[in-house]
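Residue numbers (the UniProt record's numbering), protein chains in the order written: chain L, 1 to 494; chain U, 1 to 494; chain F, 1 to 494; chain A, 1 to 494.
The set of hints was computed from the structure by calculation and includes no laboratory data. Any given hint could be a false lead.
Stated by the list, open to error - Once the Cα atoms are required to be at most 20 Å apart in a straight line, the calculated PhoX-like pairs of lysine-lysine come out as: (1) Lys65/L <-> Lys76/L; (2) Lys251/F <-> Lys489/A; (3) Lys251/L <-> Lys251/U; (4) Lys324/A <-> Lys484/F; (5) Lys205/L <-> Lys112/L; (6) Lys324/F <-> Lys354/A; (7) Lys296/L <-> Lys296/A; (8) Lys232/F <-> Lys443/F; (9) Lys489/L <-> Lys204/U; (10) Lys251/A <-> Lys251/F; (11) Lys251/A <-> Lys489/F.
Protein chains: 4
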Amino acid sequence: SLSSPQIQFADQKQEFNKRPSKIGRRSLSRSISQSSTDSYSSAASYTDSSDDETSPRDKQQKNSKGNGDFCIKNIKQADFGRREIEIAEQEMPALMALRKRAQGEKPLAGAKVVGCTHITAQTAVLMETLSALGAQCRWAACNIYSTQNEVAAALAEGGFSVFAWKGESEDDFWWCIDRCVNVEGWQPNMILDDGGDLTHWIYKKYPNMFKKIKGIVEESVTGVHRLYQLSKAGKLCVPAMNVNDSVTKQKFDNLYCCRESILDGLKRTTDVMFGGKQVVVCGYGEVGKGCCAALKAMGSIVYVTEIDPICALQACMDGFRLVKLNEVIRQVDIVITCTGNKNVVVREHLDRMKNGCIVCNMGHSNTEIDVASLRTPELTWERVRSQVDHIIWPDAKRIVLLAEGRLLNLSCSTVPTFVLSITATTQALALIELYNAPEGRYKQDVYLLPKKMDEYVASLHLPTFDAHLTELTDEQAKYLGLNKNGPFKPNYYR
Amino acid sequence: SLSSPQIQFADQKQEFNKRPSKIGRRSLSRSISQSSTDSYSSAASYTDSSDDETSPRDKQQKNSKGNGDFCIKNIKQADFGRREIEIAEQEMPALMALRKRAQGEKPLAGAKVVGCTHITAQTAVLMETLSALGAQCRWAACNIYSTQNEVAAALAEGGFSVFAWKGESEDDFWWCIDRCVNVEGWQPNMILDDGGDLTHWIYKKYPNMFKKIKGIVEESVTGVHRLYQLSKAGKLCVPAMNVNDSVTKQKFDNLYCCRESILDGLKRTTDVMFGGKQVVVCGYGEVGKGCCAALKAMGSIVYVTEIDPICALQACMDGFRLVKLNEVIRQVDIVITCTGNKNVVVREHLDRMKNGCIVCNMGHSNTEIDVASLRTPELTWERVRSQVDHIIWPDAKRIVLLAEGRLLNLSCSTVPTFVLSITATTQALALIELYNAPEGRYKQDVYLLPKKMDEYVASLHLPTFDAHLTELTDEQAKYLGLNKNGPFKPNYYR
Amino acid sequence: SLSSPQIQFADQKQEFNKRPSKIGRRSLSRSISQSSTDSYSSAASYTDSSDDETSPRDKQQKNSKGNGDFCIKNIKQADFGRREIEIAEQEMPALMALRKRAQGEKPLAGAKVVGCTHITAQTAVLMETLSALGAQCRWAACNIYSTQNEVAAALAEGGFSVFAWKGESEDDFWWCIDRCVNVEGWQPNMILDDGGDLTHWIYKKYPNMFKKIKGIVEESVTGVHRLYQLSKAGKLCVPAMNVNDSVTKQKFDNLYCCRESILDGLKRTTDVMFGGKQVVVCGYGEVGKGCCAALKAMGSIVYVTEIDPICALQACMDGFRLVKLNEVIRQVDIVITCTGNKNVVVREHLDRMKNGCIVCNMGHSNTEIDVASLRTPELTWERVRSQVDHIIWPDAKRIVLLAEGRLLNLSCSTVPTFVLSITATTQALALIELYNAPEGRYKQDVYLLPKKMDEYVASLHLPTFDAHLTELTDEQAKYLGLNKNGPFKPNYYR
Amino acid sequence: SLSSPQIQFADQKQEFNKRPSKIGRRSLSRSISQSSTDSYSSAASYTDSSDDETSPRDKQQKNSKGNGDFCIKNIKQADFGRREIEIAEQEMPALMALRKRAQGEKPLAGAKVVGCTHITAQTAVLMETLSALGAQCRWAACNIYSTQNEVAAALAEGGFSVFAWKGESEDDFWWCIDRCVNVEGWQPNMILDDGGDLTHWIYKKYPNMFKKIKGIVEESVTGVHRLYQLSKAGKLCVPAMNVNDSVTKQKFDNLYCCRESILDGLKRTTDVMFGGKQVVVCGYGEVGKGCCAALKAMGSIVYVTEIDPICALQACMDGFRLVKLNEVIRQVDIVITCTGNKNVVVREHLDRMKNGCIVCNMGHSNTEIDVASLRTPELTWERVRSQVDHIIWPDAKRIVLLAEGRLLNLSCSTVPTFVLSITATTQALALIELYNAPEGRYKQDVYLLPKKMDEYVASLHLPTFDAHLTELTDEQAKYLGLNKNGPFKPNYYR
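Whole structure, please, built from the sequences with the hints as guidance.
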C-alpha cells in the first residue's frame with residue numbers, strides 16, 4: 001500500500017500551498033521573529049564576525065570528545081549555547097519535572113527518535129529530556145532560518161547528532177533531514193515532526209522504515225492536515241498523535257498568548273498609544289477574543305466583525321459593537337485581522353482608511369490582508385523600520401502596514417517560553433504514550449492526546465504559579481462519577 | 001418494546017433524587033425566585049385579596065367565548081396577564097421574528113403539541129408563537145409554585161387549554177398533566193417537556209400514544225439525563241432533542257448570566273460592598289468564570305479552588321490565585337460555590353470562617369454547602385431577611401448563609417428575559433425541526449440541535465444589539481470549505 | 001453682627017431652592033430609599049400593625065429607667081432597634097476603634113452636642129461613640145421620612161434625648177429641633193448638622209447661643225454652601241468644619257460607591273441585562289467615572305458626554321467614545337445623567353429615544369432630567385413597580401423612567417454601611433478637633449478637616465481589609481521631607 | 001538683587017544632586033531611551049558610516065541659503081530629518097491647529113525665544129510653530145545624548161540657529177548654550193527651559209539680560225524646584241510658568257502613559273508572560289495606579305505597598321491586597337517601585353527574592369532600588385541584553401535587574417508622541433500667555449498655567465479621538481455659575 005506515496009503526497013503538498021495554514025506558516029514566522037529580536041536583544045551577543053563563509057557541509061567538525069556525527073555552523077559556540085539552554089531550563093519547569101519523575105523508569109529506553117523541529121534553546125531542553133528518559137535522538141531543522149547556531153553547537157558538544165544551521169539552502173534542508181534518517185546501523189522507531197517534511201521524506205525515500213516505526217508525533221496544523229489526508233486515503237501506516245489540537249496548547253497559543261502579543265507587537269513596531277484609539281478586530285474566535293480583551297483593557301474602543309452568529313453574540317455580550325468592516329473603516333486607527341480567512345481586508349478598504357491607520361494580521365498566513373493589491377504603481381512603499389512599511393497614496397495618505405501582512409505576533413514579538421514549554425511537554429508525553437501503548441490501543445489513524453495526559457501537562461505547569469490543586473474526596477468522586485485522578489472533563493471540553 | 005417502561009423509569013427517577021441535577025432544581029428555584037420577587041416588584045400588582053379559597057378543580061370556568069376547556073385560578077385576571085405578555089413580547093424579539101418569518105408557511109400546521117413547562121409570560125409568548133406557526137397546544141405546569149395565574153388566565157381567554165395554577169398540590173400536578181393528554185378526539189404528536197414529568201406520565205399511562213408522537217423536546221438537565229438513560233436502555237421510542245446543551249443556551253445561562261446575577265444576588269440580600277472584599281470561588285467552570293470576572297471588576301480580591309488542572313491553569317492565567325479552600329477560609333469575606341459537586345463547604349470550613357462571612361451557592365442544588373451540618377443545637381439560626389440567615393456560634397460569630405445554600409442567582413435575583421428568550425427560541429426551532437424532519441433523519445435517540453439551527457437562534461438575537469453580521473463571499477466560503485449560510489463551526493465548538 | 005440673621009438667611013435659602021445641591025437632596029432621597037428598601041428587605045420585620053395613629057407629640061412616654069426627655073414613635077421597639085445597632089457596629093469598626101482608643105482620655109468630656117441628622121442605626125453608633133468619648137447629646141432628625149423608629153426607641157431607652165419619628169409633619173420637624181436646643185439648664189456648645197436646618201434655627205431663634213458654641217460640623221453640600229455664604233457675608237460667628245469635601249468621603253461617596261450602586265439600582269428596578277447594552281453616561285466626573293467603569297466591566301458599550309475638555313480627554317483615554325447626546329440618543333438602551341447640571345435630558349431627547357429606553361439620574365436632585373416636560377396630556381404614565389414608571393407615547397413607545405428622575409442610587413439601592421462609616425468617623429473627628437483646638441487655631445470661617453485627620457480616618461478603615469500599611473524609615477522621611485506620621489500629601493491632593 | 005546669583009544657585013544645584021527629581025532625571029533617561037530605540041527601530045536608517053570624527057565646533061557649515069549661524073553634526077542629513085519632522089507633525093495635531101488658529105494674529109510677533117530642550121522631531125514641530133506665530137528662536141540641547149542629528153540639520157537648513165549634536169562633551173554643552181544667548185545684536189526676551197541649565201547660565205553669566213526677559217517657561221521638576229527656591233529666596237526676577245504641574249500633563253505623563261509603558265518596558269526587556277505572574281507594586285500614586293491597572297488587566301496578581309492610608313484605601317477598593325514588602329517578597333515574580341522614595345527595595349529584600357525575580361523602577365531616579373548594595377564581590381553581574389542584568393547569587397539564584405534601577409519606561413520603552421504633543425502645546429501656550437499678559441498680571445513668582453489654558457490644551461487634543469464636546473446652554477451656564485467657555489473646574493481639580 002506504500003507503492004507510490006510520493007506522487008500522492010506531492011499533490012497534497014500542492015493543495016496545501018493554496019491554503020497555507022496558520023501554524024504551518026507560524027513556524028516560518030517564528031524563526032524570522034527570533035532572528036530579528038536576536039539582533040535587538042543582544043547587541044553584545046554571540047555573532048561572530050570572523051565567521052567564515054564556508055558551508056557547514058564542507059567543514060570537518062568534531063566535538064571535544066572526538067565525536068563528529070553532526071553538522072552545524074561552529075562547534076566553538078557551544079558554551080554560549082549551553083548558557084541559553086540553562087536559562088530556558090529555568091522557564092520550562094514541567095519538562096524538568098518530567099525528567100525527575102520519569103527518569104528512574106526510563107520510559108523511552110530503546111526509543112530511537114528522529115526529529116525535525118525548530119532548533120532553539122527550548123527544543124534543546126526537550127531533546128535532553130527525551131535523552132534523560134532513555135531515548136536516542138537525531139535531529140534536523142524544520143525551517144531554514146530558525147536554527148540558533150549556538151544551541152545547535154551545544155547539542156553537538158553534548159553528543160547529539162544535529163544537522164542544522166541558520167540560513168540553509170533548500171538543498172541543505174533536505175540533505176540534513178536525510179542525514180538524520182539515512183544512517184548505517186541505526187533506524188528510527190519514533191518520529192517527532194513539525195510541518196510534516198520529515199514524515200514526507202521517509203514516505204518518499206524510505207517507506208520500509210515505517211515497519212519499525214511505532215508512531216508519529218506532529219505539532220503543526222499543516223502536518224496534521226497531511227496526516228488526516230493520508231489517513232482518509234488509507235495510506236497512513238502508523239498511529240499518529242495530533243499535538244496541535246490539545247486543549248491546553250490551543251488555549252495558551254491563542255487566547256492567552258495573543259492577549260499579550262497584540263500589545264507587544266503593536267508597541268514594538270509603532271509605539272502607538274492604545275488609550276482612546278479606535279480599533280476594529282476582524283474575527284472573534286480565540287485569537288480575536290484575546291486581542292479585544294487586551295485592547296479594551298488598555299483603553300481602546302474596539303469594534304468586531306464576525307460571520308458566525310454565535311461568536312457575534314459573544315462579542316456583543318462582551319461589550320463590543322458588532323459591525324461590518326465598511327461601517328467603521330473610515331474612522332478606525334487600527335485594523336487587526338484574526339479570521340483565518342482570506343481577503344478580509346481588500347484594496348477597497350485600504351483606499352478608504354484614514355491617514356496613519358495601522359493594518360496588521362494576527363490570524364494566519366498573509367492571506368487575510370490583500371497585500372498584493374497594494375503593489376500598484378500609484379502607491380509608494382516606504383520601509384520605515386524593520387517590519388514596518390508606510391504605503392503612501394497619491395494624496396499623501398499613509399497606511400502603516402506591519403510585517404507585510406504576515407503574522408504580527410510572530411514577526412514582531414516573541415513567543416513566551418511558557419507557551420513553548422506547554423507544547424514541548426505535550427510532545428514528550430505524546431512520544432511516551434505512543435511508544436509504550438500496548439498493541440492495539442492505537443491503530444493506523446490520527447489521535448488526540450488522551451484527555452488525561454492533557455490534564456497532566458497542565459498540572460505540570462501549575463507549580464510555576466504556586467497554584468494548589470484541590471483533590472476530590474472518595475465520596476465526591478463517586479458522586480460525580482469521576483476517577484479521582486481525572487480525566488475531569490469530556491474530551492471535547494474547551 | 002414499551003412493555004414495562006414504568007418500572008424502569010421509576011428506578012431512574014429514584015436514582016435522580018440522589019443526585020439532583022442543576023437545571024432540574026433550577027426549575028424549582030426559578031419559580032420560588034419569581035414568586036418572591038413578585039412580592040417585591042409589584043406592591044401595586046394583581047393579587048386579588050377577595051380570591052376565594054375554592055380549588056380551581058371545583059370551579060366552573062368559561063372564557064368570554066364560552067370555551068371551558070382549561071383549568072386555572074381566575075379567568076378575570078386575563079387582562080392583567082395580557083399586559084404582562086405584551087411586555088414580554090418586547091423583550092423576546094427572536095420569537096416575534098420567528099412568527100413573522102415562518103407564519104406564511106405554517107411549519108407546525110397539523111402539529112399537536114402537549115407541553116409541560118413553567119407557565120409565565122415568556123412561555124405564553126412561546127405558546128402563542130407555536131400557535132401562530134400552526135400548532136395546537138395543550139399545556140400544564142412543570143412546577144407547582146411557578147405559575148403566573150394572570151398569564152394562565154390570559155392564555156385561557158385566548159383559547160389555549162391550560163391546566164395550571166400557583167400552589168397546586170402534588171395530586172393537582174398530575175391531574176393537570178393528565179388533563180392535557182387524556183382528551184377525547186385529540187392526541188398529541190409532539191412533546192415539549194421541562195423536567196421529564198410529562199414524558200414520564202405518558203410512558204407510564206399511555207405508552208401507545210408514542211406511536212403517533214414525532215418527537216420530544218426536553219430542556220432540563222434532569223429530563224435530558226432521563227432520556228439518555230432510556231436511550232441507553234433501548235427504551236426510547238421516539239427521537240428526542242436535547243435543548244439544554246445547545247451552545248448558545250449554555251454560554252448565556254452560565255457565563256454571561258452568572259456574571260451579572262452573582263452581583264445582583266449578593267447585593268439584594270446583603271447590600272455588601274464588593275470593593276476590597278476577599279472572595280473565594282470554588283470551581284472555575286463557566287459559572288465560576290462569570291462570578292470571578294464580575295467580582296474582580298468590582299474590586300474584590302478573588303481566590304479560586306479547582307480540581308481540574310486545565311481549568312486551574314486558566315484561573316491562573318486570568319489572574320486568580322489558585323488555592324485550597326483551607327488556605328484562605330479564615331480570611332475571606334465571601335465564599336461562593338460553583339462546582340456541581342457536593343460537600344465542597346463543610347462544617348469544618350464553616351467553623352473556621354471569620355465573623356460576618358457570607359456563604360452562598362451558584363452551582364447546583366443545595367449539596368455544595370453542607371447546610372445540614374449547621375442544624376446542631378449549639379448554633380442559633382436567625383432569619384434576618386427573606387433568603388438570609390445568620391448562623392450564630394456560641395462565641396457570637398455570625399455566618400451569613402444565603403438561600404439556605406440553594407442557588408443564589410435563582411433564589412435571590414431574576415433570570416433575564418433575554419436568556420429565557422434564547423431558550424424559548426431554541427425550543428420552538430427544535431419542535432419545527434423534529435416535526436418536519438424527513439423520515440430517517442432522526443432515530444430513536446437523543447440529539448443536539450443541529451449546529452446550524454443553534455447559529456440561527458443566535459442570529460435572531462443579534463438585532464437586539466443592533467449587531468451587523470458579515471457575510472462570506474463565495475470565494476471566501478470556498479477557501480474555508482464552508483457553506484455561506486453556515487454552520488460555521490464544528491458541532492463540539494464552545 | 002447677629003442682629004438680623006433670619007432675613008439674610010431666608011434669602012440664602014431661597015437662592016438655594018433655585019439650585020438644589022446634590023447632597024442636600026441626597027439626604028431626602030436616602031431616607032426615601034431606606035424606607036422603601038425596608039419594606040423590601042424585611043417582610044418579617046418590625047412593623048407593628050397595632051401601632052396607633054396618635055401623634056408622638058401627644059403621647060406620654062418613659063423609658064425603663066423612668067426618663068421621659070425624648071419624643072419618639074414607640075419605646076417598645078427598643079429591643080429590635082438595639083439589634084439593628086449591634087449589627088451596624090460590626091460594620092463600623094473605625095468608630096468602635098475610636099471608642100477604644102479615645103475612651104480613656106474622654107476628648108469630648110464637657111461637650112454638649114446638639115445634632116440634626118438622619119436617625120438610623122449608623123447614626124446611633126456615632127451618637128453612642130460621642131457619648132463614650134464624654135459628650136452629652138440631644139438629637140433631631142434632618143428629614144421627615146428617614147427616621148428608623150426602632151433605632152430612635154433604642155436610643156431613648158439608652159438615655160439619649162431623641163426627638164424624631166418617621167413621617168413627621170413640617171411643623172413636627174421644627175418642633176423636634178426646637179426641643180433639642182430649647183432646654184432649661186442645658187446649652188449646646190457643639191453643633192453637628194446635616195443640611196443646615198438646625199444651624200438655621202439657632203441663627204433665627206437663639207442667636208445668643210452662638211456665644212457658647214465652639215463650632216459647627218456640617219456634612220451636606222447644601223449646609224456647607226450656606227456656611228460659605230454666611231462666611232462671605234461676614235455673618236458666620238463660629239468656626240465650621242466642612243466634612244463633605246474631605247477626600248476620603250468624596251472618593252468613597254462618588255467613585256467607589258457609584259461603581260456599585262449604578263448596577264444595583266438598575267437591576268433592582270428593571271432586571272435589565274447589562275451585557276451588550278448601549279449606554280450613554282452624561283458627565284465624566286467621579287460619579288460618571290464610577291458608572292462607566294462598572295458598566296464597561298459588565299459588557300455594556302458606553303458613550304460619554306462632557307463639557308469639560310479635561311474630563312473629556314480622560315474619557316477618551318479610558319476607552320469611551322465622547323459624543324454629544326443627540327448623536328446617540330436614538331440608539332442607546334440606557335441614559336444615565338451624572339452632571340450636577342440641569343436639563344441635560346430634555347423632552348426633545350426623550351421624544352427621540354427608542355422603545356424601552358431606560359432613563360435615570362445619578363447626579364443630583366431631579367433637575368438633570370426634565371421630568372416636568374413629560375407631564376403632558378398625550379403621554380401616559382404607568383407605574384409598573386415601585387420607583388419605575390413607563391411613559392407611553394401615542395405610538396405605543398415606552399420610556400422607562402426610574403425614581404421619577406431623582407437620584408437612582410439613593411432611591412433604588414442602599415448606601416453601603418462602609419461609606420456611612422467613613423462619614424460618621426469624619427464627623428466624630430471633626431467634633432473632637434473643633435472642641436479641643438487651642439484658641440485661635442480656627443477663626444470664624446469654614447474649614448476642611450486637616451489632611452492628617454483625613455488620613456487618620458482612612459487608616460482606621462484599613463483593618464477591615466486586613467491591609468498593612470508600610471511605615472517610612474527615619475531616613476526615608478527625611479529624604480522626602482515628610483513627618484513619619486503624615487500628612488503624606490498636600491491638602492489639595494485628590 | 002542679582003549681585004551674586006551664581007553662588008547661591010550653585011548651592012541649590014548641589015542640594016539637588018542629593019535628591020534628583022523624577023522628571024529631571026527623566027530628561028536624561030529619555031534621551032538614552034531614544035538613542036537606544038533608534039538603533040532598534042531603524043536598521044535602514046540614517047547613520048552615515050562615512051561620518052568623520054571632527055567635532056562640529058571645528059567645522060565650517062552653511063545651509064543651502066548660505067546661513068551659517070548654527071552648529072550641528074552634518075547639514076547633509078537635513079532631508080532625512082525633514083521627513084522625521086513631517087511624520088511627527090501628523091501626530092501633533094494640536095500644535096498644527098495652533099499654527100492655523102493663531103497664525104493670522106502672530107501672537108508671538110517680536111518674541112525672541114531662547115530654548116534649551118531635547119532636540120527631537122517633536123521639538124522641531126514646536127519650534128516651527130513658535131516661528132509661525134511670529135517668534136525668533138535660538139536653541140540648544142538640554143542633554144548631551146538626546147539630540148537627533150538629522151532633525152538638528154533640518155532645523156538649521158530651515159534657518160533656525162541650532163547648537164546641538166549627539167554626544168556633546170560637558171564643555172560642548174555649555175558652549176552651545178552660550179552660543180544661543182551670547183549674540184551680538186540679539187537679546188532674548190523669553191526663555192523656554194527644560195532642566196534649568198539655560199536659566200542657570202543666564203543668571204550666572206548675563207544677569208542683566210533678565211531686564212528684557214518677560215518670562216521663563218520651565219518643564220522639568222528639577223527646573224521648577226529651582227525656580228521655587230529662587231522665588232522663596234526673593235531672587236526670581238521674572239515671572240515663571242510651571243508647565244510640569246499642569247493637570248493634563250500630569251495625568252497623561254503618569255497614569256495613562258505608565259499604564260502602557262510598564263507592559264512595554266517589561267516585554268521588550270524580558271519577554272515575560274504577564275498572565276498568572278505575582279507582582280508587587282510599591283506605591284499607589286498615579287504611576288502605581290497605572291501599573292497596577294495594566295498588570296491586573298493582563299492577568300497578573302498584584303500586591304501593593306503604601307505609606308499613605310488614603311492611597312492605601314484606594315488600592316483596597318481597586319482590588320489589590322495591601323501588604324508590606326516583606327510579606328510577599330519571597331513569592332513574587334516581579335517587583336516594581338513607583339514611590340518617589342529611596343531605598344524602597346534594599347539588599348535584604350533582594351536576598352530573599354526567588355530565582356528569576358524581575359526588579360525594576362517606574363518611580364524616579366535610581367534611588368528606589370538600592371542597586372549599589374548589589375555591587376559586592378559575592379554577587380556576579382551578567383549583562384544579558386541591553387538594559388538587562390542578571391545578578392547571580394552564590395547559590396546560583398538570579399535576579400533580573402532592569403535598566404540598573406533607572407526609570408524603566410524611559411530606558412526601555414518609548415514616550416508616546418501624544419504625550420509629547422500635550423507637553424509641547426502647553427509650552428507654546430505658556431509662552432504666548434507670558435508674552436502677551438498685561439503688565440501686572442504676573443509678578444516675580446512661579447505660576448501654574450491658568451486652568452482655562454489647561455482646558456484649551458486638552459480641547460486641542462480631542463479631535464485626535466474624534467471626540468465631540470458638549471456646550472453649555474446659557475441657562476445651564478447660569479445655573480452652574482460658570483462661563484460657557486470655561487474654566488469648568490477649580491484650579492486644584494485633578
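Now for the hints, and whether the structure bears them out:
1. Lys65/L <-> Lys76/L: Holds - the C-alpha atoms of Lys76/L and Lys65/L are around 13 Å apart, at most 20 Å.
2. Lys251/F <-> Lys489/A: Answer holds: Lys251/F to Lys489/A is near 17 Å, not above 20 Å.
3. Lys251/L <-> Lys251/U: Judged against 20 Å, a Cα distance of about 17 Å means the pair holds.
4. Lys324/A <-> Lys484/F: holds (16 Å)
5. Lys205/L <-> Lys112/L: Given pair Lys205/L, Lys112/L holds - Cα atoms ~19 Å apart, limit 20 Å.
6. Lys324/F <-> Lys354/A: Roughly 52 Å between the alpha carbons, so the hint for Lys324/F and Lys354/A is violated.
7. Lys296/L <-> Lys296/A: Holds - the C-alpha atoms of Lys296/A and Lys296/L are around 13 Å apart, at most 20 Å.
8. Lys232/F <-> Lys443/F: Between Lys232/F and Lys443/F the Cα gap is close to 13 Å, so the pair holds against 20 Å.
9. Lys489/L <-> Lys204/U: violated (35 Å)
10. Lys251/A <-> Lys251/F: Holds: Lys251/A and Lys251/F sit about 17 Å apart, inside 20 Å.
11. Lys251/A <-> Lys489/F: holds (17 Å)
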